[in-house]
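Student: Top line first, the protein sequences correspond to chains A and B.
Here the first sequence stands for residues 1 to 468, numbered as in my numbering.
Here the second sequence stands for residues 469 to 936, numbered as in my numbering.
Heads up, some of the hints might be wrong.
To be verified - Computed spacing ranges between beta-carbons, pair by pair:
#1 A:Gly67 to B:Asp884: 47 to 55 Å
#2 A:Thr404 to B:Glu902: 24 to 32 Å
#3 A:Glu221 to B:Glu902: 31 to 39 Å
#4 B:Glu902 to A:Gly406: 25 to 33 Å
#5 A:Ser345 to B:Leu708: 52 to 60 Å
#6 B:Gly757 to A:Ala283: 39 to 47 Å
#7 B:Glu811 to A:Thr404: 30 to 38 Å
#8 A:Lys441 to B:Ser885: 28 to 36 Å
#9 B:Lys898 to A:Glu76: 35 to 43 Å
#10 B:Ser885 to A:Lys123: 42 to 50 Å
#11 A:Asp130 to B:Ala826: 53 to 61 Å
#12 A:Pro401 to B:Glu811: 52 to 60 Å
It is worth saying that the hints were derived from the structure and are not from the lab.
Every residue gets a Cβ at the ideal spot worked out from N, C-alpha and C, and that includes glycine.
There are 2 protein chains.
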Amino acid sequence: MDIEEADKEKTGTENNLDFFFKPESIALIGASPNPEKLSHTILKSLREMNFKGKIYPVNPGYEEIEGLKCYSAPGEINNRIDIAIFAIPARAVLDTLKEPAGNIKGAVIVSSGFREMGPGGMKMEDELRDLLKEKGIRAMGPNCLGIYDTVSNVDTFFIEREKIERPVRDGVSVLTQSGSFAAMIMDELANEGAGVARVVSYGNKVDVNESDCLEFLAEDEATKAVALYIESVSDGRKFLKAASGCVKKKPVVALKVGKREPGARAASSHTGAISGMYEAYEAAFRKTGIIEVASYEELKDACKVLNRYSPVNGKRVLIITDGGGIGISIADACEEAGLRVPELSEAAVRKLKEKLPAFASVRNPVDLTGSVRDEHYVAALQETPYEEYDLAIVSLLWGPPLLTEGVAEKIKNFADSCGKPVIISSPGGKFSRELASAFTKTGMPVFFSPESAVRAAAVLCGGNGRQK
Amino acid sequence: MDIEEADKEKTGTENNLDFFFKPESIALIGASPNPEKLSHTILKSLREMNFKGKIYPVNPGYEEIEGLKCYSAPGEINNRIDIAIFAIPARAVLDTLKEPAGNIKGAVIVSSGFREMGPGGMKMEDELRDLLKEKGIRAMGPNCLGIYDTVSNVDTFFIEREKIERPVRDGVSVLTQSGSFAAMIMDELANEGAGVARVVSYGNKVDVNESDCLEFLAEDEATKAVALYIESVSDGRKFLKAASGCVKKKPVVALKVGKREPGARAASSHTGAISGMYEAYEAAFRKTGIIEVASYEELKDACKVLNRYSPVNGKRVLIITDGGGIGISIADACEEAGLRVPELSEAAVRKLKEKLPAFASVRNPVDLTGSVRDEHYVAALQETPYEEYDLAIVSLLWGPPLLTEGVAEKIKNFADSCGKPVIISSPGGKFSRELASAFTKTGMPVFFSPESAVRAAAVLCGGNGRQK
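Produce the entire structure from the sequences given, and follow the hints as far as they go.
Tutor: Spelled out as structure tokens, the structure:
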């Protein structure tokens with residue numbers, strides 16, 4: 001077998017990133033008993049996640065850390081290391097990789113101090129790339145948070161759970177260059193009762209990039225949909241192929257940031273990338289079938305809605321509410337987003353009038369008013385002929401005295417049986433949030449403003465139809 | 469004095485709506501000891517507000533309610549009634565007004581069952597209008613929540629405080645047809661630590677409308693800015709005059725809902741109004757100098773920012789953050805909203821580099837990174853020459869270990885002295901919200917997503933510059 005063939009074989013193995021997402025062993029390089037060290041937070045997280053595999057702390061200064069045997073170097077571990085988390089200074093990362101490390105399959109290098117620091121750092125990053133290649137190690141980072149994975153129970157994010165909440169397990173996986181973005185969206189999703197499958201923050205992308213991850217996620221059964229936060233794409237051709245492949249299997253949404261000067265300028269300094277022309281990204285999204293979102297808020301809404309629903313074929317929205325003003329705002333926002341709020345058929349109106357009390361306004365939006373009871377919401381959903389809409393937005397104000405938390409279970413049962421997405425909107429403060437949690441408990445995401453519910457609907461309808 | 473002259477004189481008095489906003493006496497028609505009655509909630513609210521004037525319960529069935537003498541009819545009260553709150557069925561409102569009621573100056577008719585109910589209700593509303601005219605009573609409603617007023621301590625909103633929180637006192641007054649909208653925005657503002665001056669929900673507008681209120685608020689010292697939620701305007705000419713007059717004194721922002729079919733269709737049923745062509749409203753806003761906002765979220769952001777800041781002359785935004793990704797998202801959103809994120813001058817960059825640590829990225833957006841300390845935020849603000857920007861957006865992620873709540877007081881002191889708006893953005897979940905409350909405690913509003921901070925900035929810069 002000559003070198004080329006060996007290389008090919010190796011590449012073949014390397015392209016399978018399973019070890020990052022199904023690891024059996026993790027080495028924590030830079031492990032420390034000092035609670036102020038990032039590595040300490042990571043060790044704590046892995047234990048709180050109840051990671052089932054082996055954990056090997058690595059630090060020449062200790063024999064043992066937190067009850068685990070500590071190794072002086074990765075080469076001393078007599079086992080394959082699926083993920084070696086590097087939580088040491090940039091220079092020390094290079095030094096470690098110059099020593100024996102052939103048992104490492106994947107590296108998550110959270111350390112900063114590379115390309116994002118200018119010419120000196122860029123040289124170090126080049127050196128890092130060469131070392132990784134030489135050792136046959138696939139790597140995420142540097143300058144990243146790494147992996148938060150509710151499927152494999154891995155968490156390399158070095159920010160404490162008291163500061164950044166971790167979302168529960170659900171179906172959306174998130175890919176991002178920006179660590180601060182990863183932390184922010186995880187924290188907010190958790191806070192809103194929403195979950196994720198896997199989150200990957202790959203930072204400077206010395207090796208693993210969005211395309212590699214897309215290839216993995218395309219085949220990943222735990223991932224129902226993918227959300228992408230893109231500052232720049234490393235290899236356009238590879239991205240088009242990976243994205244097309246993934247879109248064939250599951251919905252992919254993307255937010256491109258650094259769209260124009262000066263956002264683009266800042267992005268280039270941030271992870272050392274060049275953002276490139278926005279128009280090229282737009283075209284790539286269209287070509288591959290990626291659903292583009294326009295803002296951070298929209299990406300978060302997309303994650304929430306895609307955890308539960310799949311995109312629909314059509315743009316007709318049925319709106320049901322107990323607050324006339326909100327119904328109108330939602331209808332306006334729908335039209336603005338290129339969705340349709342069609343008139344109900346005469347037959348539907350007749351049927352609804354029969355089943356709903358006289359105080360209800362029977363049209364689209366249906367207004368059940370402040371006299372609403374739980375069962376009126378269900379009646380309005382049940383009696384509107386399914387063929388007249390593609391998805392429903394149900395917006396509840398909790399002021400009406402006869403409306404109770406019990407409405408959540410009832411609407412959930414309807415949503416399960418009808419096969420159409422039912423998007424819940426519940427604006428308001430403390431009291432409303434508390435009642436709305438009855439929905440998140442049943443697995444239905446809740447959107448807290450009229451506009452956010454519409455953003456979610458627009459994602460299911462294939463993206464915002466506004467002219468750009 | 470002939471009839472015409474008498475009418476004129478009466479109109480003169482009637483046009484002064486002070487009694488609604490500076491009442492010395494309130495009659496609660498339909499008062500009841502039954503805690504399930506709306507009137508009971510209103511009485512409780514008035515007492516929790518610590519309303520200083522007289523309160524007269526009116527109900528022929530009782531001698532006394534909650535320790536107050538109860539009257540069988542308004543005509544029996546030997547005093548002028550500044551506000552008579554009607555919390556009785558529609559038919560009973562008419563009956564009451566047929567009896568002696570000459571001592572009533574203003575009525576707040578929260579009762580529904582009028583024009584919004586169709587032809588029968590419309591007839592009753594016509595009758596109501598005639599009766600009010602005959603008795604010389606000015607009226608808000610029917611089908612409304614009425615007045616929530618932190619200046620006069622009046623609260624006619626019949627939804628319990630446990631369900632809808634009441635905001636503290638601040639400078640923005642809100643005018644709205646929709647009661648559900650009024651309740652929702654009050655609840656959310658309170659929940660986000662923001663306040664209001666006066667909120668008026670006038671429902672069907674049988675008499676008092678947006679123009680009357682604008683005339684009052686223009687001269688009202690407690691009102692620093694006005695937020696309008698408009699389904700329809702009653703009298704276009706009057707509105708133009710009142711709005712122009714108000715805009716000369718203080719900023720006015722407006723959200724027009726029911727812009728197009730079908731939102732317009734729903735609006736027409738909701739408070740019985742005809743929404744009219746959106747384009748006419750747009751033109752009216754432009755002509756009068758009203759700042760138009762495009763969504764509910766934007767109106768809420770406007771309220772929060774106008775509580776503290778006045779509009780600026782210019783569109784240049786300085787962005788300072790500790791999370792690179794967020795900085796880029798904010799810059800993108802600024803450009804999208806027609807704002808500018810100019811490059812810093814060479815002199816500014818030099819100065820900032822001197823004062824900020826090496827890890828900071830010195831450009832616009834300034835990225836202080838995860839190594840940030842409180843004083844770096846202040847240094848970045850202080851050292852950027854004031855003449856290079858019109859307002860600043862400071863976006864804090866609270867992950868960085870050396871960042872503390874103390875940063876709020878420091879930034880607040882800078883904002884007080886520099887004379888430029890400093891808009892605080894703090895995305896994230898529980899931990900971030902808690903730390904961000906250090907800002908609301910100093911009176912600085914906090915915006916919870918990159919986009920909401922930019923919406924607030926756009927309002928101060930005279931409205932969103934996107935092409936519509």
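Student: So, for every hint listed, does it hold in this structure?
Tutor: Right, here's what the structure says about each hint:
no.	hint	verdict
1	A:Gly67 to B:Asp884: 47 to 55 Å	52 Å, holds
2	A:Thr404 to B:Glu902: 24 to 32 Å	30 Å, holds
3	A:Glu221 to B:Glu902: 31 to 39 Å	38 Å, holds
4	B:Glu902 to A:Gly406: 25 to 33 Å	32 Å, holds
5	A:Ser345 to B:Leu708: 52 to 60 Å	40 Å, violated
6	B:Gly757 to A:Ala283: 39 to 47 Å	41 Å, holds
7	B:Glu811 to A:Thr404: 30 to 38 Å	56 Å, violated
8	A:Lys441 to B:Ser885: 28 to 36 Å	48 Å, violated
9	B:Lys898 to A:Glu76: 35 to 43 Å	41 Å, holds
10	B:Ser885 to A:Lys123: 42 to 50 Å	44 Å, holds
11	A:Asp130 to B:Ala826: 53 to 61 Å	26 Å, violated
12	A:Pro401 to B:Glu811: 52 to 60 Å	57 Å, holds
Hints 5, 7, 8 and 11 from the list above are not met by this structure, while the remaining hints are.
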